[in-house]
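Peer 1: Residues per chain are reported as follows:
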Amino acid sequence: MTDLRADSLPPQGAPVRLWGRALRSRNLVVGALLTLVFVLAAVLSFLWTPYEVTGLDIANKIKPPSWRNPLGTDHFGRDILSMIMVGARVSIAVAVVAVGIGMIFGVPLGLLAAARKGSLLDEVIMRANDLVFAFPSLVIAILITATFGPSAVNAIIAIGIFNIPVFARLTRSGALTLWQRDYILAARVAGKGAARISVEHILPNVTNLLIVQGTIQFSLGILAEAGLSYVGLGAQPPTPSWGRMLAESQTMISFAPHMALFPGLAILLTVLGLNLMGDGLRDLFDPKLRGRT
Amino acid sequence: MMTNKPFALGLAGAFALTATLAVAQQSDMTIGQQLEPPHLDPTSAAAGAIDSVLYSNVFEGLTRFGPDGSVGPGLAREWEISDDGLTYTFHLAEGVKFHDGTTMDSEDVKFSLDRARAEDSVNAQKALFSGIESVEATDPATVTVTLKNPDGNFLFNLAWGDAVIVAPESIENIKTTPIGTGAFMFDNWVQGDRIELTKNPEYWGEPAMLDAVTFKFISDPTAAFAAMMAEDLDVFPAFPAPENLPQFDADPRFKVLVGSTEGETILAINNKLPPLDDVRVRQAIAHAVNRHEIIDGAQFGYGTPIGTHFAPHHPDYVDLTEMSQHDPEKARTLLEEAGVSLPLQLKMTLPPPSYARRGGEIIAAQLRQVGIEAEIENVEWAQWLEATFRGYDYGLTVISHTEPLDINIYARPDYYFQYDNAEFQKLMEEVGVESDPDKRSEMFRQAQTTIAEDYVNAYLFQLPLLTVAKTGVEGLWENAPTQAADMTAVHWAE
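Top to bottom, those sequences are chains L and Z. Note that numbering that gives the first Met the number 0 gives residue 21 to position 22 of the first sequence, counting from 1, and the numbers run on in steps of one. Note that numbering that gives the first Met the number 0 gives residue 357 to position 358 of the second sequence, counting from 1, and the numbers run on in steps of one.
Heads up, a few of these hints could be off.
[Claimed, not checked] Derived CB-CB ranges, DEER-like:
(1) R126/L / E168/Z: 55 to 65 angstroms
(2) A185/L / E374/Z: 52 to 62 angstroms
(3) D405/Z / I139/L: 40 to 50 angstroms
(4) D405/Z / L46/L: 19 to 29 angstroms
(5) S253/L / G94/Z: 45 to 55 angstroms
(6) E51/L / E385/Z: 29 to 39 angstroms
(7) R126/L / E385/Z: 30 to 40 angstroms
[Said to hold, decoys possible] Sample of chain L residues with no beta-carbon within 10 angstroms of chain Z, all distances over it, derived:
(8) H74
(9) S172
(10) G226
No lab work stands behind these hints: they were computed from the structure. C-beta: ideal position from N, C-alpha, C; glycine also.
Make the full structure from the sequences, and use the hints.
Peer 2: The following block contains the structure:
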């Protein structure tokens, strides 16, 4: 294949070209690496953490970073590195499930609305989405968790609900342009029903859009989880969570900055990584948009 | 910035004038407080924040608490007690006027006490007045109070913020415009922000040394720290973040006062919830708890360990901490004896103060060592009062009981820890009518031992009063025998 120029590659060579482009995209590589680090830390935390995160060691409280505790200890003498690793697990779990909820409900709704464009059903679905959109998501998430009690599960549900309209709208708008295509017309002529067309032809072609948006929503989910735990409505102690680590370290920031710095950096780097990755993926899938922000 | 006086004087105009005045005068003070009062009537609500602002400053009672917790004369300058201990004759101070100009006399005292003990009274501490048979205004300067039974605590009861003297003329708007007899007059309340008091120029006693006092409400510990550091506040009694005290201590601009409160901080146990109704399980919890770790971890070392529900600075206090020494081995044995299947799941509700949130997390880790899984639920005050305090929907909770001499709450079977011991209830009834001090002391010691032996709750530590003040502030209460920020003797050093 070396004698072929890149743009003359046959269509079946597309995946190869995609990988090559992906590796050359700095955003994507850096973003993916950052994300990978935190995913690996979270996975590793199931098997091993430097210290037990539920065991307190008051005698060793508020120690700055050292060989013993690379990121120092918190006000209960817990190892901050271990807590960030387990906290990554919570953050990622909340974000994954929340994005999952958004996709599972949002995508079928979007496909349905597109397939029945202009019908009453379309109107109902999309106006209901607008209704959810109209409220600031974090405020409603606080309302939900405050009403049903603070817990990681309620945080997931609260964040997940606000992902539904995002995916529903995206899917609908993507699907609407596809419905105009000739191959869809061909499929209809061949006698395929709207449901089957949606699943077999529309869905595979909006996947790129969904992946890009999913990455962005994932980072927003992590931020929302951190925000909810910061105000005490996320995962409850003793489960470590980045947002609560920040909140608890707040009064000690002037004499123990490491306690706020590391969970803060963890949130920053994960969100940055996911956003870079999202940007990179968008560039990759939709070259027309490259260079735009 | 404003220390450069000649320069400030050199500037023309109003700015220079105000700047110089601010430097020269220093006759006002801004006090930081975490909780804002819901309203301003100390005689109809339990909220301690009301007393913190108004006790002794705006409202006065017949007797009053001194900074050391002793009970001294207030509006009643002296009194006689009949030999049978039933009749108290109070002689009121002369020439006392309410802030609205009306005279304070025996009729106002009768009105206040009758109102507090009336059938439809909403006084939060009605029990304080339940022993009163009648109140007579003998003449304008004399009040005679007759009791149903002798009560050694009566003068103490009258010193409470719930027993202050109010006037029938101003009672209607007391919740927004409190009119009292104190050395400060209520001036302004900007809800959500501050309450302003000004000096009462016609005060009957020793006049206040400050011209104006502002109470500023800052609930967030971080904001409190920042406001104090920025010198927006002059004093913060009951500073909420003990971890910041070393910084204030090291800063020459500030001083830190470490005193005691009446707050017994306990791990309250729901005595009716199985298996917590078994004394062995409660004893196991008490032995699983390590007080020193809690004081160190949650309070950064500030706090005195207690072994029963009594203030360690009280002369009748008995040190019973030995009965519940940290002994996880013993705790496990006791749980086994009680036949509890481990891990035992218990719900632990934690109200907002840091002693509860942090203390609870430490206790949960300690309980886990003996096989008890305390499921932490962080709640707001309203939720805590609703579900835990009134709804009994909890297994464990961490809370500080800040009323003075409040061991009698254990005689109330419907109180939230639901401790029902007829013998103890009888003992409290007896102590209520006993006026011989020695016998009373003996009874209080007995009561402390009883609740410690029954392991009603796990007793943690006495809540300290941590006050941060600017270096020049003098005359502050170092301890909190009652919830009050008495500003009447506070002043700036020369």
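Peer 1: All the hints need checking, so say for each whether the structure fits it.
Peer 2: How the hints compare with the structure:
no., hint, verdict
1, R126/L / E168/Z: 55 to 65 angstroms, "60 angstroms, holds"
2, A185/L / E374/Z: 52 to 62 angstroms, "59 angstroms, holds"
3, D405/Z / I139/L: 40 to 50 angstroms, "42 angstroms, holds"
4, D405/Z / L46/L: 19 to 29 angstroms, "51 angstroms, violated"
5, S253/L / G94/Z: 45 to 55 angstroms, "51 angstroms, holds"
6, E51/L / E385/Z: 29 to 39 angstroms, "35 angstroms, holds"
7, R126/L / E385/Z: 30 to 40 angstroms, "37 angstroms, holds"
8, H74, "7 angstroms, violated"
9, S172, "41 angstroms, holds"
10, G226, "16 angstroms, holds"
In this structure, the earlier hints numbered 4 and 8 are contradicted, and the remaining ones agree with it.
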